[in-house]
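Each chain, written out:
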Amino acid sequence: MPAGTLYRGREGMWSWVAHRVTGVLIFFFLLVHVLDTALVRVSPEAYDETIAVYKTPLVGLMEYGLVAAVLFHALNGLRVVAVDFWSKGAKYQKQMLYTVMGIWIVLMAGAFWPVLSHAFYEVFGS
Amino acid sequence: MSDATLSTGSTGSTGPSVENPAPLIEPPRARTGKTPKSTRTNFEMYGWLFMRLSGILLVVLVLGHLLIQLVLDGGVTKISFAFVAGRWASPFWQAWDLIMLWLAMLHGANGLRTIINDYAERDNTRFWLKMLLYTATVFTILLGTLVIFTFDPNI
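Chains as they are written, first to last, in the UniProt record's numbering: chain A, 1 to 126; chain B, 1 to 155.
What the hints contain is simulated information worked out from the structure, not anything from laboratory work. Misleading hints may appear alongside valid ones.
Unchecked claim - To give a feel for the contact side, a few chain A residues facing chain B, derived at Cβ under 10 Å:
no.	residue
1	Val24
2	Glu63
3	His118
For glycine and all other residues, C-beta sits at the position ideal for the given N, C-alpha and C.
Taking the hints into account, I'd like the entire structure generated from these sequences.
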């Protein structure tokens with residue numbers, strides 16, 4: 001491994017890496033999403049045809065991935081705010097990360113069926 | 001105290017002395033003649049503050065958006081031109097989407113600016129990547145704003 005590519009590791013660094021990666025993914029999705037929504041100014045047909053892509057099973061799976069990225073970035077972002085503004089934030093940053101991951105797992109489990117059921121029915125039949 | 005004790009520092013090769021003074025090191029972050037005047041602002045502090053304040057608002061705006069669009073009432077399958085028209089008939093949802101668009105784009109653009117500054121080492125690369133970023137950001141914010149304000153359900 002080249003020198004200088006790994007900082008201190010552990011919870012602090014890896015949550016920072018995950019925050020960056022999810023942030024970049026969400027930003028590029030946002031650029032695409034504003035473009036597809038702009039099609040409402042072209043015609044209802046152009047918009048509906050493009051939105052049909054979002055309803056395919058493969059893109060449905062990617063939407064679940066987007067939800068995963070947004071939920072992590074949102075929850076870990078609140079942790080970052082707590083580290084910066086709460087006097088005991090830095091002391092409890094590890095505990096807060098495990099809390100973030102716990103809430104993330106619960107919300108991901110809750111989002112599984114609502115987000116993916118239509119893809120499930122399409123692939124396996126209803 | 002003897003003379004011998006005093007002389008150890010000045011005659012030995014281990015420490016600084018009058019004949020061999022310690023090098024003068026500029027304190028870190030000191031303003032020098034070479035420091036550009038344009039850096040004398042609190043821009044980065046306001047950027048840092050903006051990320052936290054917009055982030056807190058975006059948690060509500062974006063998670064609410066995802067709940068409505070992807071979870072409630074059939075999830076993504078219900079989305080169509082008619083669904084958009086129904087929502088944007090209300091000034092509340094127009095304002096929601098407009099604020100979310102501006103905050104998310106500026107929050108994301110500032111995040112990418114930080115990442116470019118961190119990883120692009122050559123001055124030219126950094127400059128052009130940021131120009132590309134700013135162009136895409138301004139274009140997307142203006143396009144999205146135009147779409148929200150000029151939306152016509154009877155197109």
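Point to revise | chain B contact restraint for Glu63/A - C-beta distance below 10 Å | key: holds (6 Å)
Check your understanding: Quick one, is the His118/A hint okay against chain B at 10 Å, beta carbons?
Key -> Because about 5 Å separates His118/A from the closest Cβ in chain B, which is inside the 10 Å limit, the hint holds.
Review point. Does the nearest C-beta of chain B fall within a distance shorter than 10 Å of the C-beta of Val24/A?
Key: Nearest chain B Cβ about 7 Å off; hint holds.
Hint compliance for this structure: no hint is broken.
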